[in-house]
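Undergrad: One letter stands for each residue in the lines below.
4 protein chains.
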Amino acid sequence: MTDNLSGIFPPLTTPFTDDELALDMLLRNLRKYERRELSGYVLFGSNGESAFLTREEKLQIVTTVREQTKKLLITGTGLDSIKDTISLTNNAAEKGANYALVITPSFFKSEMKHLTFLNYYSKVAESVMIPVIIYNVPKFTNVNIEPETIIKLAEHPNIIGLKDSTENPARISEIVSHVPKSFKVIVGTASVLYPGLSSGAVGGILALANIAPDECLQIYNLFVENKFTEALELQNKMIPVNRAVTAKFGVAGLKAAMDLRGYSGGNPRLPLEPLSEAQLIELKMILKKASLIE
Amino acid sequence: MTDNLSGIFPPLTTPFTDDELALDMLLRNLRKYERRELSGYVLFGSNGESAFLTREEKLQIVTTVREQTKKLLITGTGLDSIKDTISLTNNAAEKGANYALVITPSFFKSEMKHLTFLNYYSKVAESVMIPVIIYNVPKFTNVNIEPETIIKLAEHPNIIGLKDSTENPARISEIVSHVPKSFKVIVGTASVLYPGLSSGAVGGILALANIAPDECLQIYNLFVENKFTEALELQNKMIPVNRAVTAKFGVAGLKAAMDLRGYSGGNPRLPLEPLSEAQLIELKMILKKASLIE
Amino acid sequence: MTDNLSGIFPPLTTPFTDDELALDMLLRNLRKYERRELSGYVLFGSNGESAFLTREEKLQIVTTVREQTKKLLITGTGLDSIKDTISLTNNAAEKGANYALVITPSFFKSEMKHLTFLNYYSKVAESVMIPVIIYNVPKFTNVNIEPETIIKLAEHPNIIGLKDSTENPARISEIVSHVPKSFKVIVGTASVLYPGLSSGAVGGILALANIAPDECLQIYNLFVENKFTEALELQNKMIPVNRAVTAKFGVAGLKAAMDLRGYSGGNPRLPLEPLSEAQLIELKMILKKASLIE
Amino acid sequence: MTDNLSGIFPPLTTPFTDDELALDMLLRNLRKYERRELSGYVLFGSNGESAFLTREEKLQIVTTVREQTKKLLITGTGLDSIKDTISLTNNAAEKGANYALVITPSFFKSEMKHLTFLNYYSKVAESVMIPVIIYNVPKFTNVNIEPETIIKLAEHPNIIGLKDSTENPARISEIVSHVPKSFKVIVGTASVLYPGLSSGAVGGILALANIAPDECLQIYNLFVENKFTEALELQNKMIPVNRAVTAKFGVAGLKAAMDLRGYSGGNPRLPLEPLSEAQLIELKMILKKASLIE
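Protein chains in written order, with my numbering: chain A, 1 to 294; chain B, 1 to 294; chain C, 1 to 294; chain D, 1 to 294.
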């Protein structure tokens, strides 16, 4: 197992059969990903439908995946409740998780600012057995954690990184220029992988990597080899696909695209709806245009 | 115990000592409320800091309060996960809860619309042992459930009401005019108690009732007695206080006001911060101006 | 001419032929409205497509309408530029306008707060020849003017009222309880006409009054006669229609509904699009359900 | 005069004395800028307080500046009214403007989408004498024009570029990869100058260039010379300054920073307020930390 928090990590989707966890499908996907140079996996991130999973289901997923891979496992264990976050994180660590991806608390939106974020992350970080990665995703939380707050939190020995799911690389370069080298910034969406890497990020946790892991790895590798023009070209080709499996069609779109690409996607969990026929046709056209299906 | 879902319900705050549940303080408050003509209580609603409580703490609260009162207990048991919502609701029911107040799911904001809400509430309602009250509170969830969706859900025999925490009474009158009499609409903030009642609501779940239960009851009673001008006057007097303990100073302000009014407020739980000295002084002036303290 | 700023005012739509001002159509509509007990008219308000009209066109409209009616004319003369607002207001006054409806400035959204609003409205009010009505419409401006700011501005002798186009009557009752009787609050949308009047408003400037003036007048009159239940019932019947001609289908929907009701609506001006066939069918169904067409 | 729309353009602020246009101050600033390798100037852009200027004042500014420089002049002539936009643009062209920077119309926010934008920009572009640059600035307009709409509009022979003031470079790379080489994308804020250039932009219209033109030029030149690390380092140093003169302190902050840097800033126009003493001290510290003042 490498300890290097860089490169490409797919945030694994969670497959269901009849609305119940389908771990066999998850493992089928995992075996395909294991053949690639992926750096590890995120379990029950946003696109893993974490919001719809019980604590027991989450721990089952860590256990199952841990048995099948030696790669890094990052688990989405953040909840508004500090107590719940700590206990879930420690339970996940016992089952083999390497890092905790901790989403910003967000219920009391107008109260979520510098001091409350310091309170929250300091308390969590000092109480858990594995290192904490801050997770900023305003499109789901409607709160935003400012660079200056991240820079302050980066001083904590057990807070070792940030997944930033805005599309704003100015945040990345500002943060990177103020934190120690050991603090890693990872972009949270493939649309800004290239400018994110240009601005100091060291990797990506990318929904797109569930359906196009090779292309995501290639953008990353081209960047590392200073082949900037090729990196940008490939990223641009992927932008419409990335939009389709995130903003446009959401988790249902991501899972449908997995099915089309030979992975086990299946339906999202209730209350989400699968794609309509019309949406599925549009999705196929987008994948086709990007040469991801024939 | 009355079964009538009308009148005034305080959503009880949850007191903490050293950041741990302080049930003795909760009971001290409860004894004071029990002397009033309140219709019941909401346990772990938004202002009960539900977001920061573990499942075990929530169930402890129901058990403790149920032992001390025969009034209606409405419990905030809604979570994004349908499974968790069902099991928490049924556990709360076993401990004596009468109704489940189920907040709209909200994580995947852009997916939360007519059909997904129907999926969610139908599944929950058919799987729980107590009646469901839909809870719409866009200021915390950033999603809004439309009148037409509520009207459709009101057909379900186990969905019996709505707590609406917008300040828009047009929603209330539109809903009330399209649902059976047995479906009850309750306003979620004291600033619109009077226009809400005028528009067809039958009661209020009001943070303000934690600190000014008599005034809330009086507005309600004046309205019932057709003393509209007096009702409106008293409500107007309370609007600045209500703003102070909700939008302006949040839960910290509500708890500080409880302390000032002789209840056991205490600090909010981490990561929230208590009021600053300057905020406390402003709060005192607001309460004084409304004759709630001397 | 009455000077009493109360009752129902339609904000007249502006008809176009081949995208040019069609004053003959405007007068045709006006003649129909003149037979009703409307209190006056708003010229080039939001729904009058003020944003798309040149200064010359606006002044033409005042001149033309003034010649045909003795009723109150309220003109939408607010712009971000104080200089332009003053000169347009004074020009409109010379052509016969009685009041200036001055929308909150909004370009620098984050700067629009208490002090800047005081600067703006004080400067305008002291420089124009007719009284100023503040116009708050966050759905178009994305800024909101707080009750405390309005209460302060109400002290100015030439600021005599507020059109509030939020749907929140708590704002109305709070304002009304703190300003002199001579300061009038008028609701800006029919969905809250009844609770607005209940909360202290004295009238409505209502897009709906362009297509259903009699129903708007009836709600108002029922309220004045203390026939609250009937007032509420009629308002509820109108809510879906009001939504159709405002939030749902916008100006294009309002104009299409005018055509269906025998007024001269026509197309909105470029860049707006007229309704599609499907939208038109839906609109017809909504009007039919409310018995506004057969 | 060069025709090349690339490099750095300051959007000139508009100085006032006693709230009236102070063209002498403007020329004093211009003389200093003229000594730099700036590509041209934007007149009455957002930070030029275009919203507060009359048409006559705008035309005075073009005339005055045109007499003093041979560089490119880009003028902010977009208004919601198509008629006004066309006539102001043509008047500005007669006075010597080279390009029209046309902000997205925004009053009817919910109607501003693909088709309405096509209507608006096509009509404007075919009716004006100088080429049109689309201006997307959601923080002021609360509307966003999508890449697919821009790509479509780029087919029009008289629409030759985009100023994009989001901080999202994924938009830039997607657009650039779908439009002809002759269509230029320019970033609208210095925080993303480097990632913007990396993603295919060819220049910047930067408020920061009013106070730090040399630093902005240096970032641009370093990028052009493939000195990416140095470019990024300098940009990161400027990010706090850029935030201070845009999001944090607005136009008042930008003008105060100009005064501190030896330019003629002065106060913003009414209704805006100048900085408070406390804000001024904070601004000084930020400029000092970036070595822009001693």
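Worth flagging that the hints you see were computed from the coordinates, not collected in a lab. Some hints here could point you the wrong way.
Since the list gives no way to pick out one identical chain from another, each pair is judged satisfied if it fits inside one copy or across any two copies.
Below are the DSS-like pairs computed for lysine-lysine, each with C-alpha atoms no more than 25 Å apart in a straight line [unchecked claim]:
1) K237 - K95
2) K113 - K152
3) K70 - K248
4) K70 - K284
5) K113 - K248
6) K70 - K83
7) K284 - K71
8) K113 - K227
9) K284 - K123
10) K152 - K181
11) K152 - K248
Undergrad: Could you run down the list of hints and mark each one as holding or not?
TA: Structure-based check of each hint:
1. Taking identical chains as interchangeable, the C-alpha atoms of K237 and K95 are never at most 25 Å apart, the minima being 38 Å within one chain and 43 Å between chains.
2. In the homo-oligomer, the alpha carbons of K113 and K152 lie at most 25 Å apart inside one protomer (13 Å), although the nearest pairing across protomers, at 31 Å, exceeds that limit.
3. In this assembly of identical chains, K70 and K248 lie within 25 Å of each other by CA distance neither inside one copy nor across copies; the values are 34 Å within and 46 Å between.
4. In this assembly of identical chains, K70 and K284 lie within 25 Å of each other by CA distance neither inside one copy nor across copies; the values are 34 Å within and 52 Å between.
5. Proximity of K113 and K248 under a CA criterion of 25 Å is satisfied inter-copy only: 15 Å between copies versus 29 Å inside one chain copy.
6. For a Cα distance limit of 25 Å, the shortest separation of K70 from K83 qualifies neither inside one copy, at 29 Å, nor across copies, at 31 Å.
7. Taking the shortest alpha-carbon separations for K284 and K71, neither the intra-copy value of 32 Å nor the inter-copy value of 49 Å comes in at or below 25 Å.
8. Proximity of K113 to K227 under the C-alpha cut-off of 25 Å is found in neither arrangement, the shortest distances being 39 Å within a copy and 37 Å between copies.
9. For the identical chains of this complex, K284 and K123 are neighbours neither inside a copy (46 Å) nor across copies (31 Å), given an alpha-carbon limit of 25 Å.
10. For the homomeric pair K152 and K181, the shortest alpha-carbon distance inside one copy (14 Å) is at most 25 Å, but the shortest distance between copies (43 Å) is not.
11. Taking CA atoms no more than 25 Å apart as the test, K152 paired with K248 passes between copies only; the shortest distance there is 20 Å, against 35 Å inside one copy.
Of the numbered hints listed earlier, those contradicted by the structure are 1, 3, 4, 6, 7, 8 and 9.
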